[in-house]
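Novice: Given next are the chains, with one letter for each unit.
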Amino acid sequence: MSSNSDKGDILLEIKDLEVEGFSDEKWHDIVKGVDLTLRRGEVMGLIGESGAGKSTLGLAAMGFTQPGCRIRGGEINFDGIDLAKLSDVIKRRYWGTRMTYVAQSAAASFNPAHRLIAQTTASTVRSGAKSKEDAYQDARGLYAALSLPDPQNIGERYPHQVSGGQLQRVMTAMAMSPRPDLIIFDEPTTALDVTTQVEVLSAMREIVETFNTAAIYITHDLAVVAQMADFIKVLRYGKQVEEADTRSMLSTPKEAYTKSLWSVRSLEKEEQKGGQSFLSLKGIDASYGTIKVLHNVSIEVAKGTTVAVVGESGSGKSTTARVITGLLPQTAGSVEFDGKGLLKSLSERKKEEKRRIQMIYQMADTAMNPRQTVGEIIGRPLEFYLGIRGTQKSKRVLELLEMIELNGNFIQRLPGELSGGQKQRICIARALAAEPDLIICDEVTSALDQIVQEGILKLLMRLQMELGLTYLFITHDISTVKAISDQVVVMNQGEVVEQGQKTDVFQPPHPEYTKLLLSSVPEMDPDWLTNLNSGRREA
Amino acid sequence: MHPVTKTILERLGLGLATLFVVSIIIFSAIEMLPGDFGQAILGQAATEETVAAFRRELGLDQPAYMRYLQWVGSAFQGDLGTSFSGRNSSGIDRSRAVVDLIAPRLWNTLFLAGLTAVIAVPISLVLGISSALYRNSVYDRTVNTVTLTTISFPEFFVAYILILLLASLYPVFPSLANVDGSTPLFERVFRTALPALTLTLVIVAHMMRMTRAAIINLLASPYIQMARLSGASQIEVIVKHALPNAWAPIATVIAFNLAYLVVGVVVVEVVFVYPGVGQLMVDAVTSRDIPVVQGCALIFAITYILLNLIADIIGIITNPRLLHPK
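Taken in order, these protein sequences are the chains called A and B.
Everything in the first sequence is counted per my numbering, starting at 1 for the first residue and increasing by one.
Everything in the second sequence is counted per my numbering, starting at 1001 for the first residue and increasing by one.
Hints listed in this document are in silico derivations from the structure and should not be mistaken for laboratory results.
Here a beta-carbon is modelled for each residue, glycine too, at the ideal position from N, C-alpha and C.
Heads up, a few of these hints could be off.
Here are the simulated BS3-like pairs of lysine-lysine, each with C-alpha atoms no more than 27 Å apart in a straight line [what the hints assert, rightly or not]:
1) A:K292 to B:K1240
2) A:K292 to B:K1006
3) B:K1006 to A:K132
4) B:K1240 to A:K91
5) A:K91 to A:K303
6) A:K15 to A:K132
Partial chain A-side listing against chain B, Cβ under 10 Å, derived [what the hints assert, rightly or not]:
7) Y136
8) Q137
9) M174
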């Protein structure tokens, strides 16, 4: 350890850092001259949209660059040593010992071939800081501190044998094992459900406080960063927008861009009362093989409204959508659409019935054929369902592009040439092309940045107003539900826990699960997590 | 029962089923060969009665399904029938059991395959891992170019070049690999050296490139970046983090090449006059010695099925998801 190890001393000082990446045959700037100062025991929040250079900057703080990237200029002073000038062989002595990393997807970041405890302690044992026995013992202690179940034995398992939330905590234990000076958390809870996220966040915060470790916490979720960070730095296009301590950043952001990030959550819509039932599911059971995933699910959707189906992964939201579209025939119950019963299987349904129900998917990338142009993608349903061909078709495609706020230049483009938000817009246009009455939106904004999300949600709302569409909106994001829905259906483990008008569902009293779900959604208040935990401890 | 044991038993069962199907294919294929053994042996001049009597004696007059059942039935008991050759129109029967014909040849073939494997597999693995480690370097390119060159030449050409170099210009090894049952082990290795080297040069490229590709394929995984970020050196990343996850494809390609060493080396056997199964089978086909052809084909099928089974098992036991289910 170095001599200046008191709290408050400068640990990491980055000056005018520039990182560039090689793609399309030339070098592009990713980080364009960023300064950063982090003191011992401090947690810095790093936020911005995807492509802002957050992860690149986080990795560069360790002196690490992804393959195909390089540090072009600047200094990375870590405890008096300029990492930017060292070779990988030297930097390796710091990686995994004095600075560690917690990755976004723990499931992909653990080696499937080795036991958890061996991976947790690998760098500690390699550096010779502790013997294998001591390191293992210490790791079990960390597992206990992170409230993992069965901390004595969980380390003997392989990564695939524990859940995603547990893996994320094991990874935090792995980062903590060598007692580093600095931990980089790179979106560590983005892939988790809200109820799991709360537990992981609490565990991480507690352990960082206990060992007085400095950390950089990278995320795009403002509410999360509010719980974790002492101060926040906002990045955009590889440059700093502003930096301030968490409270003043939340209450009085200075820059217009920061304000726009903050305002996304203020999207609201006037709630519509449900009228006559348009789509109605009655007592649906469905199974994958022998595993039953839906139990007696009944949902009513009124014409021209938006019904949000919320729940965590594995709750049966998407399976419900598969039953409605006929992709997964139900084993019991019935689906009624516009007063008529729908046959179970897609192949038995009439073309007209298929046309009236369209779907938009989470991953716009994989929902489009990468070899077809935008014109072909949107044109296909026109031809298939409505028999529109030739110049009429081209005209209609243009109209549809206008509806989704894109111009005619896009007709010849391939999906690979579009941004994430544009891709999702094309998927919306493809659904609209069939002139449907009901659109099922399956996590359509989950993969998008918040500002882009807002744009897509506004578009969907406008289209609903203009065309009288009915939406079944599947999501795990409560703020999206608050923004756009009229009615809400809460699902858990294949059952409907609660359903009704949005105001009713969000108003107490709640069933136990709804309460847990709603209370787990991070709020912009920096004291939210502290209050929540003390509240839950009392209860 | 452990799920892995169950899977292995299942695969064994499937292997047996495959063998059964293959035996039908072998038998039917040979049924469809043009020409008649009796006619061929007895010559154009033989009367129809003589040919018929000869066919009756060999059991060729019975319907095909009967002959198939008899063949499979006795093959199960380790009896592959009696060779047709050694019989002739003179009536003296010097024919031998197929098993006795094949056994010493098979031993020779397995010896050559084993010797080649002992040389080639470690070389391929070391070259594959090291070229993944130093990928795109001069070393990597050299290894790739050289192995690709050796695989691109026909086997007989490699064989003759080796004879020219190592037997003729610099007489290190004998150019004839004539061994028999009485050859002592060391002498056997010495005489088999040139064919083994030839085969090594032929199969190394495939195994080496597959090893390299399997490892490099994994280097983009998030857990590899994680290993780097926890301070693992390049060698540790490759050997400890990538290789354990790459065994399944590597085992498959090794099994494929070992099977080739057993069933596909007739050209090398001919060049070095090595008494292996390949030559035996080719001779048997020429002389329409059906029981020998069938016996050899069956052994080749068993070799393929067994080696692939082993590769499957390696794939299973190196995959913790299968070895340690939830």
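Novice: Take the hints in turn and mark each one as holding or not.
Specialist: Each hint tested on the structure:
1. A:K292 to B:K1240: Since the Cα atoms of K292 (chain A) and K1240 (chain B) sit roughly 40 Å apart, the hinted pair is violated (cutoff 27 Å).
2. A:K292 to B:K1006: Answer holds: K292 (chain A) to K1006 (chain B) is near 26 Å, not above 27 Å.
3. B:K1006 to A:K132: 35 Å, violated
4. B:K1240 to A:K91: Holds - the C-alpha atoms of K91 (chain A) and K1240 (chain B) are around 20 Å apart, at most 27 Å.
5. A:K91 to A:K303: With Cα atoms ~62 Å apart, K91 (chain A) and K303 (chain A) exceed 27 Å; violated.
6. A:K15 to A:K132: 38 Å, violated
7. Y136: Hint violated; Y136 (chain A) Cβ to chain B Cβ min 16 Å, cut 10 Å.
8. Q137: 19 Å, violated
9. M174: Check passed: Cβ of M174 (chain A) comes within 8 Å of chain B, closer than 10 Å.
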